[in-house]
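Listed below are the residues making up each chain.
There are 6 protein chains.
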Amino acid sequence: MRANRLREIWAGGGAAVNGWLTIPHAFAAETMAHQGWDSLTVDIQHGVVDYQAAVNMMIAISTTDTVPVVRVPWLEPGILMKALDGGAYGIICPMVNSGADAERLVKLTHYPPLGTRSFGPIRGLLYGGPDYPEKANDTVVVFAMIETREGLDNLEDILRVPGLDAVYIGPSDLSLALGCKPTFDEVDKPAAEAIDYILAKAKEHGKVAGIHNGTPEFARKRIEKGFQFVTIASDARLMAAGAKQVLHTVRA
Amino acid sequence: MRANRLREIWAGGGAAVNGWLTIPHAFAAETMAHQGWDSLTVDIQHGVVDYQAAVNMMIAISTTDTVPVVRVPWLEPGILMKALDGGAYGIICPMVNSGADAERLVKLTHYPPLGTRSFGPIRGLLYGGPDYPEKANDTVVVFAMIETREGLDNLEDILRVPGLDAVYIGPSDLSLALGCKPTFDEVDKPAAEAIDYILAKAKEHGKVAGIHNGTPEFARKRIEKGFQFVTIASDARLMAAGAKQVLHTVRA
Amino acid sequence: MRANRLREIWAGGGAAVNGWLTIPHAFAAETMAHQGWDSLTVDIQHGVVDYQAAVNMMIAISTTDTVPVVRVPWLEPGILMKALDGGAYGIICPMVNSGADAERLVKLTHYPPLGTRSFGPIRGLLYGGPDYPEKANDTVVVFAMIETREGLDNLEDILRVPGLDAVYIGPSDLSLALGCKPTFDEVDKPAAEAIDYILAKAKEHGKVAGIHNGTPEFARKRIEKGFQFVTIASDARLMAAGAKQVLHTVRA
Amino acid sequence: MRANRLREIWAGGGAAVNGWLTIPHAFAAETMAHQGWDSLTVDIQHGVVDYQAAVNMMIAISTTDTVPVVRVPWLEPGILMKALDGGAYGIICPMVNSGADAERLVKLTHYPPLGTRSFGPIRGLLYGGPDYPEKANDTVVVFAMIETREGLDNLEDILRVPGLDAVYIGPSDLSLALGCKPTFDEVDKPAAEAIDYILAKAKEHGKVAGIHNGTPEFARKRIEKGFQFVTIASDARLMAAGAKQVLHTVRA
Amino acid sequence: MRANRLREIWAGGGAAVNGWLTIPHAFAAETMAHQGWDSLTVDIQHGVVDYQAAVNMMIAISTTDTVPVVRVPWLEPGILMKALDGGAYGIICPMVNSGADAERLVKLTHYPPLGTRSFGPIRGLLYGGPDYPEKANDTVVVFAMIETREGLDNLEDILRVPGLDAVYIGPSDLSLALGCKPTFDEVDKPAAEAIDYILAKAKEHGKVAGIHNGTPEFARKRIEKGFQFVTIASDARLMAAGAKQVLHTVRA
Amino acid sequence: MRANRLREIWAGGGAAVNGWLTIPHAFAAETMAHQGWDSLTVDIQHGVVDYQAAVNMMIAISTTDTVPVVRVPWLEPGILMKALDGGAYGIICPMVNSGADAERLVKLTHYPPLGTRSFGPIRGLLYGGPDYPEKANDTVVVFAMIETREGLDNLEDILRVPGLDAVYIGPSDLSLALGCKPTFDEVDKPAAEAIDYILAKAKEHGKVAGIHNGTPEFARKRIEKGFQFVTIASDARLMAAGAKQVLHTVRA
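Residue numbers (full-length UniProt numbering), protein chains in the order written: chain A, 1 to 252; chain B, 1 to 252; chain C, 1 to 252; chain D, 1 to 252; chain E, 1 to 252; chain F, 1 to 252.
A portion of the hints provided could be inaccurate.
As the list makes no split between identical chains, a pair holds if one copy fits it or if it spans any two.
To be verified - Capping the alpha-carbon separation at 27 Å, the derived lysine-lysine pairs in DSS-like fashion look like this:
| hint | residue 1 | residue 2 |
| --- | --- | --- |
| 1 | K181 | K244 |
| 2 | K107 | K244 |
| 3 | K135 | K189 |
| 4 | K244 | K225 |
| 5 | K203 | K244 |
| 6 | K225 | K107 |
| 7 | K181 | K135 |
| 8 | K107 | K181 |
| 9 | K225 | K135 |
| 10 | K135 | K244 |
| 11 | K107 | K189 |
| 12 | K225 | K203 |
| 13 | K244 | K201 |
| 14 | K203 | K221 |
| 15 | K189 | K201 |
| 16 | K135 | K221 |
Don't read these hints as lab results, they were simulated from the structure.
So here's chain A without its partners, still in its complex pose (with noise of 0.2 Å):
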């Protein structure tokens, strides 16, 4: 089976520079893993993508070595196993909030023994090799996202459950949940020192930490941190950043 490029850069100690996709189209998906990411999030929760256009993006990706990784929407099974079927080595799941969401989630994402995933990877066989079957299981990755007060309180059952690869952070969410203004990177002290105290956990129970990042010289910040898997913007944000800045200039 095709290895998980994430997996080798964590075993490596390193950090995983991962682009976000809310375009639903493979052209833009393929233009950027032709930029060199590590990783490409196909959003399937905040974006206008759906799942028949989250697979073309996923073929798209794979034309590169960045590794394909989905949102899903929700803990929710019929999505997190069509993601996985359609070819994702990576599931970021939003609101897990309890140490029986991060079991459930588990199970919904591994074949037995450890879980329930049911049996047609499809898309995975083309993207990972026949091999996907047996092996499936150890490599894909799976992170929680810690995005509640009550994810928050009950971070040490969620980290504890075996199979759980990852968790991650969405500050604006965080915020929100903590009372404090909704934002990424130079976020309000509650909020600041949830993020801290998630990175802390999750390096003593030995799961790698990812955090979206406003820029890129936070997503260094949040690096040196500790963070292993940190996003930056996203295509249509670089594009319209883009676009204002030529017109700006232009215009000036």
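With chain A fixed as given, assemble chains B, C, D, E and F onto it according to the hints.
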């Protein structure tokens, strides 16, 4: 009929700033349209965009005041008329090499008696309004691309054709045609002279001159020289350049 | 943030006339949007429309002042949030049968502190404007469908839930649930009484009442009775009925 | 090979009632096909429909006995052959202005020895059956549109071309070409005379005459006059007209 | 209402041969439908097919007499009802593990009074006919997949549920669940015994038993044993196996 | 620039085995690409594939080492250049009937100074690499189809054109053109002689000869005769043939 902002800008002696769309999806087009471009050109010639996607993209542009323009792949009746029926308020036509080409272009893009455009402006009526049939001839703008030695030689014949509103220069193709290195902005001397010549002759004949640019800084120079329609970058280029910069910074 | 015309109409005591979209294409939606409906509802529950098409349809509606509404297939977190992130200014949710259902619906459709909606209003920002995050809770409207015996029994619990703006009645489903013949407009007596009861209770609790109708004549009667949101026909029904009539006339 | 109902109707001296499709989606086409039209024409010329959508629409029409017809954008080999390979049982070709045009049209739409149509009827075989290759030349029908002064002048040359089955009149375009107001049905006198002339000459040469109509009442008159193929309205027009009427009634 | 050929075959004691669709395009589905399968199952669970494509595929199947079946991704209300509204005449539901699951499945797929299916059979009316609402409950067939230890333990509770028509076995998933090697056809002994047990119990309770097979030869054996619904291969597998064989031969 | 495996195979005196794609979806193309074809041809001429789908299919092929080739519908500038910009490494052009046709084909598919291809290799750059502009002329291969009497008569004029790499024979069309029965493989004698003649002349002029085949056995014979590019079957045919065989076996 909805007025054509390009005509309004030109009537005031101003220059329109045009963006370029190569990602075949409405959401990408809508995101670009919200950044404030005067017009956006859906490139059916060199992007990976085909007509069906172009229609969705024009719909997306129509959520804003940005003017929808289409570059057709070739001086071919079918696609010229379909682009107009789909609601394009501007047409950029490649490879106009003679007065006869320019006349054919004008005929195909205008209703009788000026031309022979066939009647059926399905989406034009939605975008333009119920008086589209009477006013389309005076509203839509048509650009002829001058990009060959032959086109240069016949430039004045082309510019003399009534109903042609503007010429458009792709510096890369023009450079190639003149044996120069294909590039935007700082082109080789023969290409630079040809660009100046086209601009001067266009002004002489009362036509607008437009040009593709690599950077906003150069676009400003073009405007100062007298160009009234300047294109900068494209959706995919902005995204890719932004991604490259992010990755460079985070990995520095 | 762009105002919600539905709220404006209701604030003035008026009734909104709502169209219904079941053809999964932007051009059909745009054509409908240009006819002058106050709002158009993209039906992801019973049409053959899925999310990706729904986004394109909302883009098409956004070329006009008509308000985009989505009927989701079920009270399920993923699709509720994706519909909102895609720019819906109204949500119609089927099968709200208890106060707990209504509370869950409100939580999932509102940002903290009122609810737990996850943050990432990708297209909402384009359609609504940059202050969408602060104002979305007070701008978007949420309808609970009352269509079962259980929903009727718990009606007041449902209506008491803060943040719920309106109830919506599908006379067919309500009729079926009460053992009556499934139809619009002239429903059997038990269904008719239930409709009157829902309207009266909604008014008592300061909520808007909406209803599906078979004919414009009946919709007027509903408005006179106090309904402030009336749906008539659908894109496909209008087309089919028109075709039937044409064929009848030409073959008579 | 599946028989062509248009030929059967014409053989019996009857007139076929044809609907018109401009919404590029299979579900809209299927809904129209279930209303009982003799044939449905997918308009690739003036609708916003491109080939890929046209194939899906022909598949949808094929769920019924309605005959699938395609209007191509132009007398161009690529699209003519693709439309046929996609299963069209009728072709309407715009802008046939001379005997040479008509001969070219016939050549491109028929297999040797009658023509030069290239071999590969991928979907034609599914729709027509395994003997499609032998029988297609005698089954598919081909219409030439007469819509210019030149076409009128060369009408008899056009009608003399063997293999051409019918002529088709778009009253709007014909009116425009003759300097009249573009409209259906009650056209100006020169256009009316031209229509009568085309019908008379078609009959004289044993060809079917078809025409576009604005209303079913007028279509009946056309049938009484001798037209054997009458088109009325279109999917989008029926929908829009229905919506307008509903809104007028409910707001009256 | 159009009769369900599956019911007719079963009523005659026969077995239906079912094909499997995993390529999300109408043309592939139409090609398969023309080969003579009794039914074709659009797999929304493990293929890369999502709902919008599934609708187009069901339209394509409807050009023939082959019965359209859908395997949904999960026992989830939204997709179950959308599949039915899209015209499915059969539903295969994964992971039915208890009598309660089976009851829920029956409720969601049947109109009152038998169930709680919501009313709006948009495409069902086109495919089935105008009396779809009255007859759907007795026409559509519903399969419960037995694929876990728990499902086996509760088999009789499941089979006792009125309105459930059949059970379906995926030998791979069942094998995995029983700690056996995941495969079709020649499964390990515990899985083989479980399959025999399910078949015997289904017959005892008057339900149809269906099963997935790797080869047509094995499918025949299953029929001889009493299975009345046998699936063989899939569109993509047939294509891939054919390609492999061609390449092997040409390169031998 | 990524090398063209077709050129490498030919340089070594070998023959490339080419598959054929007629199903307009990326997943079908990706599945085929994983079976080990040297090249895969997306057929925009006779399949039901249009450009937008062709781009997605080329992206899917690009996940493997298989070379993406496009058969265009006609010798028409727009689609030739769009196919190349979309990343095609080979072009098969139908109906090349004279030296002038071949010259036009070469001009349209090569950059100056060899040709007049317009500059904008959007996806070509992603697939080929940043030096695509300089190396495309020497990397991409161009086939002229010889399929008419006229083409045969002018064969040597065609073969003399510099920049043309290969000729391609569709035995069905060639047979039809020569008054023979349209078939692959065992064609009638005049067609067989024409095929031998084309092969011999191609070798004489240092061009590669390619041919369509019905069976792998016959393709081997063609290779032994000297053909260096052999196509066998197509995605849809392999699928249909496999399905037929399965149904025959299970029902035997």
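Cross-check of the supplied hints:
{"no.": "1", "hint": "K181 <-> K244", "result": "within (25 Å within a copy, 30 Å between copies)"}
{"no.": "2", "hint": "K107 <-> K244", "result": "neither (45 Å within a copy, 35 Å between copies)"}
{"no.": "3", "hint": "K135 <-> K189", "result": "between (42 Å within a copy, 24 Å between copies)"}
{"no.": "4", "hint": "K244 <-> K225", "result": "between (32 Å within a copy, 23 Å between copies)"}
{"no.": "5", "hint": "K203 <-> K244", "result": "neither (39 Å within a copy, 30 Å between copies)"}
{"no.": "6", "hint": "K225 <-> K107", "result": "neither (31 Å within a copy, 34 Å between copies)"}
{"no.": "7", "hint": "K181 <-> K135", "result": "between (42 Å within a copy, 14 Å between copies)"}
{"no.": "8", "hint": "K107 <-> K181", "result": "between (34 Å within a copy, 19 Å between copies)"}
{"no.": "9", "hint": "K225 <-> K135", "result": "neither (32 Å within a copy, 35 Å between copies)"}
{"no.": "10", "hint": "K135 <-> K244", "result": "between (46 Å within a copy, 24 Å between copies)"}
{"no.": "11", "hint": "K107 <-> K189", "result": "between (35 Å within a copy, 25 Å between copies)"}
{"no.": "12", "hint": "K225 <-> K203", "result": "within (11 Å within a copy, 56 Å between copies)"}
{"no.": "13", "hint": "K244 <-> K201", "result": "neither (40 Å within a copy, 33 Å between copies)"}
{"no.": "14", "hint": "K203 <-> K221", "result": "within (17 Å within a copy, 54 Å between copies)"}
{"no.": "15", "hint": "K189 <-> K201", "result": "within (18 Å within a copy, 46 Å between copies)"}
{"no.": "16", "hint": "K135 <-> K221", "result": "neither (34 Å within a copy, 32 Å between copies)"}
Of the numbered hints given earlier, the model fails hints 2, 5, 6, 9, 13 and 16; all others are met.
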